[in-house]
Every structure is written in C-alpha cells, then in structure tokens.
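Whenever a hint applies, use it, and build me the whole structure from the sequences.
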Amino acid sequence: MSALATEQAVGHWKHADEIEVLTFDMGRETFALEAVIVQEILDLLPETPVPGARPFVASVINFRGKVIPLADLRLAFGMPAAEATIDSRIVVIELLLDGEPTLVGLRADKVNETTTLTKEASEPPPSLGMRWRPDYIDCVVKRGSDFIIIPNLKALFSGADSRAPAAEAN
Amino acid sequence: MTMPDPVEVFRTEAAELLEQIEQGLLDLEHQLDDASLIDAVFRGLHTLKGSGAMFGFDALASFTHHCETAFDRVRKGMAPATPELVHAVLAARDHMRSLVEQPDQEDDETGQRLLTQLQQAVADGGGAPEETAESAPEANSGAPAEAETVSAAPAAEPVTWRIRMTLPENAMANGTNPLALLDELRDLGDCEISVDTGNVPPLYRIEPSELHLSWNVRLTTDKPRDDIEDVFIFVMDDMELSIEQEEPGGAPAQATPAEPQSADPEPIAAAEPAAVAEPAPQASAQSPAQAPAEASAPAVNAPVQETRQKRAAENVRVPAERLDELMDRVGELVIAKSRLSQIAGNSIDVQLRSVSEDVERLASELRDTMMVLRMVPVATLFGRFRRLIHDLGRETSKQIELVTEGEATEVDKTVIERLADPLVHLVRNSVDHGLELPGDRAAAGKGEAGRVTLSARQSGGEVIISIKDDGRGIDRDRVRAKAEASGLVSPGQQLTDQEVMQLIFAPGFSTANAITNLSGRGVGMDVVKKTVEALRGTIDIESTLGKGSEISLRIPLTLAIIDGLLVRVGSGRYVIPLSAVEECLELSSEDDVRSEGRSFISLRNSLVPFLRLRELLSTGTEPDPYQKIVVVSTGVERVGLVVDQIIGDHQTVIKSMSKLHNDVATFSGATILGDGSVALILDVGHLVAAGQQQEAQLRKAG
Numbered sequence: 000m001s002a003l004a005t006e007q008a009v010g011h012w013k014h015a016d017e018i019e020v021l022t023f024d025m026g027r028e029t030f031a032l033e034a035v036i037v038q039e040i041l042d043l044l045p046e047t048p049v050p051g052a053r054p055f056v057a058s059v060i061n062f063r064g065k066v067i068p069l070a071d072l073r074l075a076f077g078m079p080a081a082e083a084t085i086d087s088r089i090v091v092i093e094l095l096l097d098g099e100p101t102l103v104g105l106r107a108d109k110v111n112e113t114t115t116l117t118k119e120a121s122e123p124p125p126s127l128g129m130r131w132r133p134d135y136i137d138c139v140v141k142r143g144s145d146f147i148i149i150p151n152l153k154a155l156f157s158g159a160d161s162r163a164p165a166a167e168a169n
Numbered sequence: 000m001t002m003p004d005p006v007e008v009f010r011t012e013a014a015e016l017l018e019q020i021e022q023g024l025l026d027l028e029h030q031l032d033d034a035s036l037i038d039a040v041f042r043g044l045h046t047l048k049g050s051g052a053m054f055g056f057d058a059l060a061s062f063t064h065h066c067e068t069a070f071d072r073v074r075k076g077m078a079p080a081t082p083e084l085v086h087a088v089l090a091a092r093d094h095m096r097s098l099v100e101q102p103d104q105e106d107d108e109t110g111q112r113l114l115t116q117l118q119q120a121v122a123d124g125g126g127a128p129e130e131t132a133e134s135a136p137e138a139n140s141g142a143p144a145e146a147e148t149v150s151a152a153p154a155a156e157p158v159t160w161r162i163r164m165t166l167p168e169n170a171m172a173n174g175t176n177p178l179a180l181l182d183e184l185r186d187l188g189d190c191e192i193s194v195d196t197g198n199v200p201p202l203y204r205i206e207p208s209e210l211h212l213s214w215n216v217r218l219t220t221d222k223p224r225d226d227i228e229d230v231f232i233f234v235m236d237d238m239e240l241s242i243e244q245e246e247p248g249g250a251p252a253q254a255t256p257a258e259p260q261s262a263d264p265e266p267i268a269a270a271e272p273a274a275v276a277e278p279a280p281q282a283s284a285q286s287p288a289q290a291p292a293e294a295s296a297p298a299v300n301a302p303v304q305e306t307r308q309k310r311a312a313e314n315v316r317v318p319a320e321r322l323d324e325l326m327d328r329v330g331e332l333v334i335a336k337s338r339l340s341q342i343a344g345n346s347i348d349v350q351l352r353s354v355s356e357d358v359e360r361l362a363s364e365l366r367d368t369m370m371v372l373r374m375v376p377v378a379t380l381f382g383r384f385r386r387l388i389h390d391l392g393r394e395t396s397k398q399i400e401l402v403t404e405g406e407a408t409e410v411d412k413t414v415i416e417r418l419a420d421p422l423v424h425l426v427r428n429s430v431d432h433g434l435e436l437p438g439d440r441a442a443a444g445k446g447e448a449g450r451v452t453l454s455a456r457q458s459g460g461e462v463i464i465s466i467k468d469d470g471r472g473i474d475r476d477r478v479r480a481k482a483e484a485s486g487l488v489s490p491g492q493q494l495t496d497q498e499v500m501q502l503i504f505a506p507g508f509s510t511a512n513a514i515t516n517l518s519g520r521g522v523g524m525d526v527v528k529k530t531v532e533a534l535r536g537t538i539d540i541e542s543t544l545g546k547g548s549e550i551s552l553r554i555p556l557t558l559a560i561i562d563g564l565l566v567r568v569g570s571g572r573y574v575i576p577l578s579a580v581e582e583c584l585e586l587s588s589e590d591d592v593r594s595e596g597r598s599f600i601s602l603r604n605s606l607v608p609f610l611r612l613r614e615l616l617s618t619g620t621e622p623d624p625y626q627k628i629v630v631v632s633t634g635v636e637r638v639g640l641v642v643d644q645i646i647g648d649h650q651t652v653i654k655s656m657s658k659l660h661n662d663v664a665t666f667s668g669a670t671i672l673g674d675g676s677v678a679l680i681l682d683v684g685h686l687v688a689a690g691q692q693q694e695a696q697l698r699k700a701g
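Residue numbers (numbering that gives the first Met the number 0), protein chains in the order written: chain A, 0 to 169; chain B, 0 to 701.
Honestly, the hints are just simulated from the structure, not real lab data.
There could be a bad hint or two in this list.
Said to hold, decoys possible - Label pairs and their calculated CB-CB ranges:
{"no.": "1", "chain 1": "A", "residue 1": "Leu41", "chain 2": "B", "residue 2": "Ala407", "range": "42 to 48 Å"}
{"no.": "2", "chain 1": "B", "residue 1": "Arg603", "chain 2": "A", "residue 2": "Asp134", "range": "56 to 62 Å"}
{"no.": "3", "chain 1": "A", "residue 1": "Ser126", "chain 2": "B", "residue 2": "Ala484", "range": "22 to 28 Å"}
{"no.": "4", "chain 1": "A", "residue 1": "Gly98", "chain 2": "B", "residue 2": "Pro376", "range": "32 to 38 Å"}
{"no.": "5", "chain 1": "B", "residue 1": "Glu100", "chain 2": "A", "residue 2": "Ala34", "range": "40 to 46 Å"}
{"no.": "6", "chain 1": "A", "residue 1": "Glu112", "chain 2": "B", "residue 2": "Ser208", "range": "53 to 59 Å"}
What the hints assert, rightly or not - Here are the computed lysine to aspartate or glutamate pairs in the EDC-like style, where the Cα-Cα straight-line distance is at most 20 Å:
{"no.": "7", "chain 1": "A", "residue 1": "Lys65", "chain 2": "B", "residue 2": "Glu324"}
{"no.": "8", "chain 1": "A", "residue 1": "Lys65", "chain 2": "B", "residue 2": "Asp674"}
{"no.": "9", "chain 1": "B", "residue 1": "Lys658", "chain 2": "A", "residue 2": "Glu46"}
{"no.": "10", "chain 1": "A", "residue 1": "Lys65", "chain 2": "B", "residue 2": "Glu320"}
{"no.": "11", "chain 1": "B", "residue 1": "Lys658", "chain 2": "A", "residue 2": "Glu19"}
{"no.": "12", "chain 1": "A", "residue 1": "Lys65", "chain 2": "B", "residue 2": "Asp32"}
{"no.": "13", "chain 1": "A", "residue 1": "Lys65", "chain 2": "B", "residue 2": "Asp327"}
Cβ atoms here follow ideal geometry from the backbone N, Cα and C, with glycine treated the same way.
If you want it as structure tokens, here you go:
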C-alpha cells in the first residue's frame, strides 16, 4: 500500500485524472501532498536538534514512540525562517527511501484542507520565473487565481542525500 | 493477516528437517552402531520425501527417495554405517537443501554423482553386490517407487501376522486415507481384512469426517516385520497398532507392540483404562467410546501420544518480525511508564502513586520477559560448526576435534544471526592457519588431533564467545613483517603486543603464504571486525607461539535496550552507553581555565585528554558553573567528555535513526525520555574520532 502510494507520488497523474491531496501553506505559497501518503497531522512537538545533520533535516521528533526526522521545506525552497504560530503543524508522511518505508515529518505553517486536483489544471514547472530548483517541483496546479505546488518529494529527500557526501568532503 | 504461503511453510519445515538430519548424521559419525540415530535420520529423509512430493518439489522427492532407499539398507542392517556413508549422506543432504531452495535449478549431474557415491558407500560397507546392481538402474530411472525395491531381503518363510489398527478419530481430517494403508498391506502378501465397527457411535452422533472404524488384518507374507511397520510410518505416532505373529497353530506367539520401549505390554495395557477413567483435556477429545476396545488391545501408543502432544504445545513458532513489533510496543510502554511516574511523583494523590508504582513494576517485568523471549541459546549457532569442522577436516586432512562449551548461554537473536558469518570465518582461520598437520603436531609433541574449542559465557551485560585452538599460534614477527611489507605500519614503529595482534584485522592482511581453498573465500578478517563493532562488541586476541590462540568476541547481550548515562549538554540531553563509562568527576575550575592550551587532566597518575561536548556539538550555550567529566573508554584509550550536568542512569530503548541522518556518525541512535522528548545516543568511538579531527583542523588553522 505505502509503496504504491509513494510510486504514485512521483507520477501523480499516471493512473487517474484526479488526485486527492492535502494542501498546506508555507511562507506565502500553498503546497499539496497526495493524501494517501499522509499519515497524520500533529500539533507542534518538542524537537530535538541533531548536531551535525543537514539543515534541511536538522531535528528529530517523537512520533508515537518512533524517532522520525523533521524536514523543513522552507530551506529547500529558499524561504526565510519564520516563527511558529498557532496554526503551525507537522504533517507526517510515509516515503520510500532506498526501498525502505520511512516516516518523515514536514513542517507546515498552516494546514488547509483535503481537496481534489484535476489533471487538466496541472502544468509542469515553468522553465522561467522561479528561484527554486525545478527538479524539486513535480507540477504546478492552477486553482482559482492561485497556484498550488506539488513538490517532488523523492527528489527533495534523495537529492538531499546525494549532496551530503559533497558537504562532508569540505 | 494473510495465510502464509504453503510453499514457504514447507521450506521452513524442510530446513528444520535437514537440520535434524544433519545433526543426526553428525552424531552417527561418533556412534556408528546406534540404531535409534539411524532410524531418526531415516525418518527425517522419509518425511522430507513425503512432504516434498506433496508440495510439488518433485526433483527433491525423487532424489531424497534414492537416498532414503540407500539409507534403508543401513537401517535394515544389510550394510553397516561407515564414516564414508555419513559423509556421502551429508553431501546428499546439501544437494537436497539446494533442491529445496531452488527447485528449478535441478542439477542432474550432481544428483547422479552423489547417488553413485552414496551407493558405493553402502556397497563398500559389505552389502550384497547384486543389491547395488539392482538399485543402481533404479536410481537412473528416477521413478518414485516405494521402498520395496531394496527390501528384497533374504527371502524368508512366509509368516502370518495379525495386525490390528485403529486410527485416531481425526485421521481423515488430517489427510490419512485408511484405505491406502490397507492397499499397501495387501501389496505385501495375502490379506484377510475385517472391519471392526464396534466403536461406531449411534447415527445421530456421527460426524461424517470422523473415523470410528478399526481393522483387523491377517497378513501372510515373506516380508519382514519392518516392512509392515513401514506402511504405518507416517501415522504410527498417533495410532494404535499391534502386530502379532501367528504361530502355524494359530495362536499369537510373540506380541511385540509397535513402540520398542515397552517390551512388556501388560502393565501399560492395565494402566490404560485408568488413564481413560480420568479424562485429561486431550483424552476427552478422543472418543470415550473407544475406551473398552482400547483396554482389550495392547494399546501402548496412547500414553506416548500424550507426551508428544505436551511437548508440541511447549513450542510456538513466531515470525521474528512479530517479536520486533512486540519489542517496539514494550519500548513505548516503558516510555509511557516513565511519564506516568513523573506525573505521579509530582502529585499528592496516594492512589495515583500506588497505581504508578504497579505499572512501573509490571512494565519492567514485561521488559525483562520480552528480552528473554528474544534470547536464543548459542547452541543454535554452535550447532552448525560441527558440520563445518567435519568438512574442514576432510578438506585439510587434519584431524580436528570440536569442543563446545556453554551452549546454554543465551544471546539476542539478532546478535546470533549477525555473528554467524564472522564466527565461520574465525573457525576456518583457526583450522587453516592455526592447526598443524598431524605429522607436524606429533613432531611438536602434541596429540595428532587438533582441538578447536568454541565457548560462550556471560559476564555482566556482555556475552563472551571465544574460539580457541591448540595450533601453532600467531607468529608476531611474521605478522609484523607482513604488515611492514604491505605498508600498514612503518618499520621500527613501536607497537604493543595487542596492537600487533590487531593488525590481522586490517583490511587486506593475510599471513597465509599460499591462498588455500579455505582462506580467501567469504568474509575477511576486517569484515569480522566491522561486524563485531557494529554489534558494539570488541575482539581480544591471545596467542602463545606453538601453543595456540584464542580469539574472544565480547558482545553486548542485547541490541534493543541498553543502560545509559543521561547527561545534559547545553539544552540538549544525550545518552552515553554505560558500558563505555568508566567514571565521572568534576572538572575543577583550575583545569577548566588552564585548558586553553591543553585539554587533559591527570587521573590517578595517568593523562586523560578531554573533549568539550558543548564545542563538539556546537550548542552555542554558556558552560554551567560546575561542569562534569565523564571518563569513557573507547577500547584503545580513555577520554573525558565534558558535560554540563549528569542527570543519571537511564534504561535506554534504542531507536534507530532514519536514513536521512545516516551521515551523522556521532550518534548511534536515539531514545525517548520519560517526558516524551528525544535524546540522542552518543557513539563514543566516532565522537572521539570527530574530536580528533576538529582539533587537527584547529591546529592547522592556528
């Protein structure tokens, strides 16, 4: 089930014209995660920083007796750090990392809703007009006057992995 | 929960059977005339054949059939058991295992070669030559005929047997077909079969799937009694069977019951009604109506069956993952318990406190029980070395005696699994490099047979597994010369005895002048060391030139829970494994100030360097006024770790870190504290290495 879910997260539109997603806000942008990979939405928990870890996954939390990494998409998308608010949440998702199902917490400034996005409204990431790394974005979906970004989680997490040795070599 | 794949179930079962066969054979090697061992091996082969055929492993079934056929001759006393035979069957067993694992990759050639070898072993042992000639073509035909082919025993006079068989009620539900058994009996000779319907209950109580019939068979055959028993070999344990020989006059002459241990059936038959009179739970499951009939027949199997059932009930097979899951839950419970006791500690509610104490006690008992559940005796690990030693002895033409000690010592199952390969390598090394050839041993004034001792014992929170041989020992000069030649140490470098010994664990190190068949395959000594270190263990070597060597692996008992020392550095809390901690002391302000230039203290006349964890973990906080030093041992040296506060000891349930934190070597894992927050577990070895690196960089910069 989870493996399937993660596969779908890569090519969301392969099998269907619509997907169920959970939308959340980060900075001034709205992101969406495919609903099936979302395990739980938590209030903020005490975090334990991991000295020496990459800033993108700088801390761990206790999620139901498991120690899971907490990732901050803000850093991957170059957004300024912000204080936690009353709306801040942690979205726990399950990902397949190197063939192993892994639970990861994602920070969110505000969790909005679960909704359905359609294939027609989606577009690949534009080649211009973006400061972000294009491979971090799976697609952009137009919704009303706004855009929802579906991040490419696989690239985000494995990309972070592949950069690690280079950082260590310094 | 899905049903397990039947083929997988068969594989597990087959693996167990093969294990049993192997152990039986190895025992047999030492007691070649032990009939019960021969029977046990034969039964194992027979069951393997039967279930193999049932699950569609045809290649396995037909190969096993031929082995069984050959082995049957030994069982019937037509050929003696010899070491050659044991070896041949062992080799055949290995082939069976590969047939179980990869039924598609059937290797006819190997199979044929092994069978020929086996037949030779049986024939050389003094069997009638024409027997071999007869069974050889049969082996080629591959037809899974029943065991009769070989049972062309010395043609005996036809004898008449009276057989009375009563199958258990659930026999048909379990897949036994009584008619097939009767057919098999018919094949043996002239049969008169009569059915006994005395136990059939009234119609309204009949369950269609239950069996209430008994049979009386009068069989005239020239086959021996064993052949008759063989018909029932699969069901013998559960059924009532009596086989009596009929004198020409017609009266039963010899009443030997099916089970050999009851030479005199009378007392047991007398005891039987008593056993039925007070029905045990199992006894009531059997039909009470059977009792009168049982009393009249020499029923010897019922008590045996009862003990068998009891033994079966004592063991439950559980997939290892479920144990891991349970361990996780217990870990969570321990954490929840800590939270509860913290809340209760702050409360004045007496009832809450008492409940909390109960929960605390129960949780810690549960944890202890859980730990025991995961423990398996090292005997399971040592068992496989008997075979290895057997093979090694033949390959190297050395005489080797394997002694195992402390097999009852229990170790966490994960540890056992991971230790298997390194131990195999160490034992190979001992035999290959350590033990001398018989001639050399005699010249050195030792017994011709070399001795390898595998021992395990528990000491504190560790288990020590050692591999000892009485061979030539490690030649330190040669090790050194070799290490210098390969550039591992510079010539003239001062090394302690232990350091020289540890060189053999360096990657790419080998003192063997020629690479033999034994060394150079599988893992290297450096991999042994890595595996042991990954288990948080250490390796000690002792060796006396000419006398032998001993390699001891010290492994923590469990990987799931450790005792830790909880410390605070800045605002973060960390766990230092208690096994590494030697002592704790205060960092005097004098030493603290002076440590601008040097970071070491004098501890009972020895220098102990120290690292400031605040700097190493870059907490960016001010030091506490009274800092503490935790002196830890990395195995090689002692190092002090400066922390802000020592909180106390902590039962640490180890949680692994996710893949995303694989690059952080300073921490070996994480744990969850009583308040639900996460504390990281320091990996002392890596921490010290990181500290050394940091200092080297500082020196370079400064």
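Going down the list of hints, with the structure as the test:
At roughly 47 Å, the beta-carbon separation of A:Leu41 and B:Ala407 lies within the given 42 to 48 Å, and the hint holds. Remark: the range hint 56 to 62 Å for B:Arg603 to A:Asp134 is upheld by a beta-carbon distance near 59 Å. Checked against the hint of 22 to 28 Å, the pair A:Ser126 and B:Ala484 fails, with Cβ atoms roughly 59 Å apart. Against the hinted window of 32 to 38 Å, the Cβ-Cβ separation of A:Gly98 and B:Pro376 comes to about 34 Å, which satisfies the hint.
Between B:Glu100 and A:Ala34 the beta carbon distance is about 42 Å. The supplied range of 40 to 46 Å therefore holds. In this structure the hint that A:Glu112 and B:Ser208 lie 53 to 59 Å apart at CB holds, the actual value being about 58 Å. Restraint check for A:Lys65 and B:Glu324: satisfied, since their Cα atoms lie roughly 12 Å apart, inside the 20 Å limit. In summary, the hint linking A:Lys65 to B:Asp674 is supported, as the alpha carbons are separated by about 14 Å, within the 20 Å threshold.
The hinted pair formed by B:Lys658 and A:Glu46 meets the criterion: a straight-line CA distance of about 18 Å does not exceed 20 Å. With a C-alpha separation of about 16 Å, the suggested pair A:Lys65 and B:Glu320 falls inside the 20 Å cut-off, and the hint holds. Between B:Lys658 and A:Glu19 the CA atoms are separated by roughly 28 Å; this puts the pair beyond 20 Å, and the hint is violated. Distance check on the hinted pair: A:Lys65 and B:Asp32 sit about 57 Å apart at the alpha-carbon level, beyond 20 Å; violated.
The straight-line distance between the Cα atoms of A:Lys65 and B:Asp327 is roughly 9 Å, inside the 20 Å bound, and the hint therefore holds.
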